[in-house]
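Here the protein sequences line up with chains A and B, keeping their order. Those letters in the first sequence? Residues 1 to 116, per this note's numbering, in order. Those letters in the second sequence? Residues 1001 to 1111, per this note's numbering, in order.
Read the hints as simulated data drawn from the structure, not as lab findings. Remember, it's a predicted structure, so these values are computed and weren't measured experimentally. Glycine residues also receive a C-beta, built at the ideal position from the N, C-alpha and C atoms.
Label-pair restraints from in silico Cβ distances: (1) S1010/B with V52/A: 33 to 43 Å; (2) G1094/B with N84/A: 22 to 32 Å; (3) G1041/B with R14/A: 18 to 28 Å; (4) E62/A with G1094/B: 19 to 29 Å; (5) D38/A with K1001/B: 13 to 23 Å.
With a Cα cut of at most 20 Å, we get these calculated DMTMM-like pairs of lysine to aspartate or glutamate: (6) K1106/B with E1005/B; (7) K71/A with D26/A; (8) K1017/B with D1084/B; (9) K1001/B with D59/A; (10) K3/A with D28/A; (11) K53/A with E69/A; (12) K1071/B with E1054/B; (13) K70/A with D51/A; (14) K1110/B with E1015/B; (15) K1106/B with D38/A; (16) K3/A with D1039/B; (17) K1057/B with E104/A.
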Amino acid sequence: DVKVTQSSRYLVKRTGEKVFLECVQDMDHENMFWYRQDPGLGLRLIYFSYDVKMKEKGDIPEGYSVSREKKERFSLILESASTNQTSMYLCASSPPPTHMRSYEQYFGPGTRLTVT
Amino acid sequence: KNQVEQSPQSLIILEGKNCTLQCNYTVSPFSNLRWYKQDTGRGPVSLTIMTFSENTKSNGRYTATLDADTKQSSLHITASQLSDSASYICVVLGSNYQLIWGAGTKLIIKP
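Next up, chain A with everything else stripped away, as it sits in the complex:
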């Protein structure tokens, strides 16, 4: 079974703090993603990575950065947290496009971040 783990289930930070959210997958997937999920909205893609040290902006990258130094690990960084970044953050991984189950995403349990 694919396992995607996230470093924290719940996190409370103050405005202006630097926040690190970590995600690790154990299936050797090339692709990894960070989403945020807010009530009444679909998942919104923040950043994704298709290889080590490679990253692409998603739909809402402002205020976020990412790091992928190792294939299994993808980190989301909030340089200076703001209250409008209070949300559920979901990490996902997926096999490459050539895989028969390509674009099926496997999700971690999520991190509920509150910025006060």
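On the provided structure of chain A, position chain B as indicated by the hints.
Positioned in the frame of chain A, the structure of chain B alone reads:
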């Protein structure tokens, strides 16, 4: 604009009853459509995937249908169980490998 709209937003049914959730999309061209189940406090888990040539696909008590002409999909749950209480999310993969996510339907099963 590529969009995925789901209805109803929320639904409450009694245990043992059937229900149908709807997904309408305007994504074009279309590659495939997935339904995910998301339990409270957990990440989404894939239930089914359908390409444009597939009309129906089942996964246990879950049956998804797709009408690519009208751009509609439905997820039918038979003989609901308390464990079916969750959000169900419809996702469409567009031509440029972009995933368009619906906002989900929150389903509550009451004993």
